[in-house]
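Protein chains in written order, with the numbering used here: chain R, 1 to 221; chain G, 222 to 442.
None of these hints come from the bench; they were simulated from the model.
Don't take each hint at face value.
Said to hold, decoys possible - The calculated lysine-lysine pairs, modelled on DSS-like cross-linking and capped at a C-alpha distance of 30 Å, are:
1. G/K419 x R/K177
2. G/K424 x G/K235
3. R/K203 x R/K155
4. R/K77 x R/K29
5. G/K419 x G/K376
6. G/K376 x R/K152
7. G/K274 x R/K177
8. G/K274 x G/K424
9. G/K424 x R/K10
10. R/K53 x R/K14
11. G/K235 x R/K10
12. G/K373 x G/K242
13. R/K177 x R/K77
14. R/K152 x G/K373
15. R/K152 x G/K235
16. G/K235 x G/K298
17. G/K231 x G/K242
18. R/K53 x G/K376
19. G/K250 x G/K235
20. R/K198 x G/K398
21. R/K155 x G/K242
22. G/K242 x R/K77
23. R/K152 x G/K231
24. R/K10 x R/K155
25. G/K235 x R/K14
26. G/K419 x R/K14
27. G/K298 x R/K10
28. R/K53 x R/K203
29. G/K298 x G/K398
30. G/K242 x R/K14
31. G/K419 x R/K198
32. R/K152 x G/K298
33. G/K376 x R/K177
34. R/K177 x R/K155
35. G/K373 x R/K77
36. G/K250 x G/K398
The lines below spell out each chain.
2 protein chains.
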Amino acid sequence: MSKTVKLEQKVHAKGHEIALKLRERFAAKGIYVVNLIGSPGAGKTALLEAAAKHLGARGGVIEGDLATDNDKRRVEKAGMRAYQINTVGACHLDAAMVRDALNEFSLDGIEFLFIENVGNLVCPASFDIGENIKVAVVSTTEGEDKPAKYPKAMKVASAMVVTKIDLLPYITCNVGKMEADVRNIVPGMPVFRVSSTKDEGVKEFIAWLEEQRGSTVAASV
Amino acid sequence: MSKTVKLEQKVHAKGHEIALKLRERFAAKGIYVVNLIGSPGAGKTALLEAAAKHLGARGGVIEGDLATDNDKRRVEKAGMRAYQINTVGACHLDAAMVRDALNEFSLDGIEFLFIENVGNLVCPASFDIGENIKVAVVSTTEGEDKPAKYPKAMKVASAMVVTKIDLLPYITCNVGKMEADVRNIVPGMPVFRVSSTKDEGVKEFIAWLEEQRGSTVAASV
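I would like the entire structure built from these sequences, with the hints used as guidance.
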């Protein structure tokens with residue numbers, strides 16, 4: 001097993017190197033990169049559809065899925081350019097996949113690049129794919145205990161978006177507990193309560209991203 | 222990379238050996254084992270809570286989670302004995318974890334052993350943990366495209382349970398499309414439409430499991 005671990009570390013180190021280069025490339029273009037991680041059906045694509053209304057052509061998306069190009073088509077229809085990666089078997093995106101995608105996807109005019117990871121609240125948390133920040137997306141319908149049950153995803157995230165708040169009248173979910181649990185793991189974690197379909201809370205999330213981009217771009221000057 | 226692949230194959234082969242022994246051990250006791258796979262918050266634990274009402278002490282549960290013993294406590298409260306595995310980092314259960322759990326969890330009196338895998342619709346699909354069948358659990362709130370987007374989990378499953386059908390009036394989800402998509406991957410796949418909280422469709426799912434157990438026990442005589 002130690003041999004496996006060593007080889008895995010080597011693979012991780014290689015990925016880290018590619019991620020660093022990607023991050024430099026994005027920074028040089030003033031592009032702020034957000035790696036969205038969350039369960040299948042957490043509402044990551046719907047959040048991007050809603051974000052498209054606020055960002056328009058300033059936003060771009062790389063979609064990661066095992067199969068189908070459903071999400072790419074949804075995001076394009078909403079008004080942002082998008083590229084689809086199909087991982088087939090892989091449970092997460094890695095930096096090399098993102099690098100290869102950029103051979104076919106132009107970053108021109110993009111200020112915010114969203115990378116929607118494979119639907120999986122576990123594995124994507126362990127991989128640096130050149131992003132500025134990871135954002136954890138958790139839906140109310142998954143249940144209030146998800147932040148406590150998936151602590152690694154919370155630990156690596158810079159913010160949590162709680163989606164589908166419009167369904168709260170019909171389900172049992174204490175969003176206050178989700179917030180308390182995530183802040184128990186990451187003190188002061190920003191939390192955004194969002195309904196993507198009703199465009200609630202999306203503006204606040206985008207405003208926060210604009211702030212983050214602003215200070216990152218300023219810092220890199 | 223080929224060295225990593227070879228080592229992975231070795232690890233898989235070892236796991237397969239343990240799984241075979243587990244399956245023999247379960248068969249000798251007449252225990253039918255169901256490996257539940259699904260996203261975080263798909264409603265796997267709620268399905269088990271509902272199953273407890275029908276099976277009582279005939280059912281037992283091994284819970285797999287990265288963290289917390291929430292699910293064990295929920296299932297016990299509902300009336301089935303349960304054991305919690307915390308995988309910490311691991312994105313799926315493996316056969317050795319199940320074997321080790323059985324050192325501390327008695328199978329006496331149990332006819333159906335449910336193993337609730339880590340919330341993840343990707344990785345658990347690749348691991349044999351000694352079960353008779355895998356059952357894919359997908360909620361209506363995750364969206365109708367999940368069977369098409371996670372084909373591997375469907376391919377290895379012997380049935381699909383669509384949970385949270387009581388929320389259909391409030392969301393956009395075509396369950397007929399989910400059924401068509403999964404049967405496009407696995408022709409004739411049994412699909413159960415369930416509301417665990419309203420105890421709808423659970424009886425039919427349990428009856429199907431009883432049939433499966435009946436023919437398996439008969440076959441092993």
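Worksheet item: Keeping to a limit of 30 Å between CA atoms, is the pair of R/K10 and R/K155 held or broken?
Response: The hint holds at about 23 Å.
Discussion item. Against the 30 Å threshold, does the CA-CA distance of G/K419 and G/K376 hold or violate the hint?
Written reply: holds (29 Å)
Discussion item. Would the hint linking G/K419 and R/K177 be met if the CA-CA limit is 30 Å?
Written reply: Status holds; Cα separation ~24 Å.
Practice prompt. Take the C-alpha atoms of G/K231 and G/K242, compute the straight-line distance between them, and say whether it is at most 30 Å.
Written response: Cα-Cα ~17 Å, so holds.
Worksheet entry | 30 Å Cα cutoff - pair G/K376, R/K177 | violated (36 Å)
Worksheet item: Given the hint that R/K53 pairs with G/K376, does the C-alpha gap stay at or below 30 Å?
Response: Violated, at about 37 Å.
Discussion item. Next pair to validate is R/K177 with R/K77; report whether the Cα-Cα distance is within 30 Å.
Written reply: Cα-Cα ~35 Å, so violated.
Item to complete: Quickly compare the C-alpha distance for R/K53 and R/K14 to 30 Å and report which way the hint goes.
Response: violated (37 Å)
Fill in: Given hint R/K14 paired with G/K419 - CA-CA distance at most 30 Å
Violated, because 50 Å separates the two Cα atoms, which is more than 30 Å.
Item to complete: Take a quick look at whether G/K235 and R/K14 sit within 30 Å of each other, Cα to Cα.
Response: Holds - the C-alpha atoms of R/K14 and G/K235 are around 28 Å apart, at most 30 Å.
Discussion item. Hinted pair, alpha-carbon criterion (30 Å max): G/K274, G/K424. Please report holds or violated.
Written reply: holds (10 Å)
Worksheet item: Taken at face value, is the distance from the CA of G/K231 to the CA of R/K152 at most 30 Å?
Response: holds (28 Å)
In the structure shown, a violation is registered for the earlier hints numbered 2, 9, 10, 13, 16, 18, 21, 22, 26, 27, 29, 30, 33, 36, in ascending order.
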